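Place chain B on chain A using the hints.
Heads up: the protein sequence lines correspond to chains A and B, in order. If you count the first sequence from 1, position 11 lands on 42 in the numbering used here, and the numbers rise without skipping. If you count the second sequence from 1, position 331 lands on 422 in the numbering used here, and the numbers rise without skipping.
Don't read these hints as lab results, they were simulated from the structure. Hints are not guaranteed to be accurate.
[Claimed, not checked] Here are a few chain A residues that sit away from chain B, every Cβ distance over 12 Å (derived from the structure):
1) S33
2) A34
3) N35
4) P37
5) E38
6) L43
7) Q44
8) G51
9) P57
10) C59
11) E64
12) S71
13) L72
14) A73
15) W84
[Said to hold, decoys possible] If you want a taste of the chain B side facing chain A, the calculated C-beta under 7 Å gives, among others:
16) C268
17) V292
18) F293
19) K357
20) R363
21) S377
22) T379
23) S407
24) L408
Being a predicted model, the structure only gives us computed values, none of them experimental. C-beta: ideal position from N, C-alpha, C; glycine also.
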Amino acid sequence: MSANCPECDGSLQLNGVIAGEIVVCPDCGVDLEVTAVTPSLALALAPTEAEDWGE
Amino acid sequence: MDEVALLTGLLEIYSPSGQEGAAVEYLVGQLRAAGLDADVDAAGNAVGACGQGAETVLLLGHIDTVPGFIPVTRDGDRLNGRGAVDAKGPLACFAAAAARIRSLALSRRVVVIGAVGEEGDSRGAHFVKDYYRPAFTIIGEPSGWERITLGYKGSAWFTYQVRRALAHTSTQAESACEAAVAYWNRVAEWAAARNAAQPRVFEQVSPTLRGMTSASDGFEEQAALRFGVRLPPGLEASALAEALAGLAGEAEVTLVEGVSAYRGDKNNPLVRAFLAAIRQAGGTPSFTVKSGTSDMNVVAPVWGTPIVAYGPGDSSLDHTPHEHILVSDYVRAVGALTSALTTLCA
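If we strip away everything but chain A, and leave its shape as in the complex, we get (with noise of 0.2 Å):
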């Protein structure tokens, strides 16, 4: 299965893969998560990770 990346557009080869799934693009670096692999592969930028305090 294959699909763009939706940072910088370079194409991602991915088998084995399920829903949920973050996947680093190889090109940009960016954190990718497979929305759907059904009917065909979707990705979307993964959710953003901040910092904050707490404990």
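Then chain B, alone, in the frame of chain A:
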């Protein structure tokens, strides 16, 4: 179960570390009334369970708070009280979600724990870490209902002590107090140099000076410092102690206690269940890492299974006199957690 009344009831019982007994009894009673098997364990933690199966989903909250009672009042959506966010809000969220799913056919056992001592020596979590081997763990700490916490920095406490023979001030010899100040400045410079290539606070070494004392017996003077350091992933307290001792010359640096940073993986069924649950509830999920520490630092390295922290509330209110939670945030978190647990236990 009246989920808001559960939280209000917990807030009304003042339970700073070491005085959790009444709150534990209250929570156990509430869990039993909701149909869970509940009791107090050997460490004094409140424990409730439901479901069957060889594997466990562990919801590890804490029932103690920092000192300082805040009167429990309701102002519209805002519920004020000590522990509203840290961390009775997340703990009540855990209990409420477990109560919602308890009558479902669960493939895994769900265990809710209100641990004692998290704001002190984490004695409740230290007991739990040796007693369970959960498949999935959710730590009860505030992140807001749409946010999933992946990790916490570590922390370490040190003391520094230096002695100098007393000399007349006209000699311009360095005094013990001057040596201590110079040492602290070297620590700050060392940390700044190490942090220069680390723009994220989570990856930085963060020293804070917490105490200074000095004394003299007429022949010798002493100066002592007490300081803490927040540790990034990859820096162990013992390695830091060596580096700090190397800056101290003949003075004595002692590592009092330390816990390592921990950052969990985000590519696992636990995180995926939360992402889907938050979206299903109409939210936009995001991740965070925290500059403080929690019971995640204690249990996660031992268990080595997927772990996140989750719970309603604004963590910037932790330990403040303005601690409060939005009831709407709490109710949404109960819904999202219920959905995530239903997925994990399907």
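Going through the hints against the structure:
At the 12 Å boundary, the C-beta of S33 (chain A) stays outside the reach of chain B, the nearest C-beta of that chain being 20 Å off. At roughly 17 Å from the closest C-beta of chain B, the C-beta of A34 (chain A) stays outside 12 Å, upholding its exclusion from the interface. With a least CB separation of 21 Å from chain B, N35 (chain A) remains clear of the 12 Å interface cut-off, as annotated. Distance to chain B confirms P37 (chain A) as a non-interface residue, since its nearest Cβ pair spans about 16 Å, more than 12 Å.
The beta carbon of E38 (chain A) sits about 17 Å from the closest Cβ of chain B, which is more than 12 Å, so the claim that it is off the interface holds. The claim that L43 (chain A) lies off the interface holds: its Cβ sits roughly 15 Å from the closest Cβ of chain B, which is beyond the 12 Å cut-off. Every C-beta of chain B lies more than 12 Å from that of Q44 (chain A), the closest at about 18 Å, which supports listing it as non-interface. Chain B draws G51 (chain A) into its interface by the beta-carbon criterion, the shortest separation being 3 Å against a cut-off of 12 Å.
The beta carbon of P57 (chain A) is kept farther than 12 Å from every beta carbon of chain B, the shortest such distance being approximately 16 Å. Here C59 (chain A) stays apart from chain B, with its beta-carbon at least about 18 Å from theirs, past the 12 Å limit. At roughly 7 Å from the closest C-beta of chain B, the C-beta of E64 (chain A) falls inside 12 Å, breaking its exclusion from the interface. Every CB of chain B is more than 12 Å from the CB of S71 (chain A) (nearest about 20 Å), matching its label as outside the interface.
With a closest Cβ-Cβ approach of about 16 Å to chain B, L72 (chain A) is found to remain outside the 12 Å limit, as its non-interface label requires. Once the 12 Å rule is applied to beta carbons, A73 (chain A) is consistent with being away from chain B; the minimum gap is 14 Å. The beta carbon of W84 (chain A) is not kept farther than 12 Å from every beta carbon of chain B, the shortest such distance being approximately 6 Å. At its closest, the beta carbon of C268 (chain B) sits 32 Å from a beta carbon of chain A; the interface hint therefore is violated under the 7 Å criterion.
Hint on V292 (chain B) holds. Least Cβ distance to chain A is approximately 6 Å, under the 7 Å limit. Of the supplied interface hints, the one on F293 (chain B) holds, with its beta-carbon coming within about 5 Å of a beta-carbon of chain A, less than 7 Å. Below 7 Å, beta-carbon pairs count as interface contacts, and K357 (chain B) has one with chain A at about 6 Å; its hint therefore holds. A least Cβ separation of about 3 Å between R363 (chain B) and chain A falls short of the 7 Å threshold, and the interface hint therefore holds.
This hint holds: S377 (chain B) has a C-beta 5 Å from the nearest C-beta of chain A, less than the 7 Å allowed. Taken as an interface hint, T379 (chain B) checks out: its beta carbon lies about 5 Å from the nearest beta carbon of chain A, inside 7 Å. With a least beta-carbon distance of about 6 Å to chain A, the hint placing S407 (chain B) at the interface is held under the 7 Å criterion. Because the closest C-beta pair between L408 (chain B) and chain A is about 10 Å apart, greater than 7 Å, the hint is violated.
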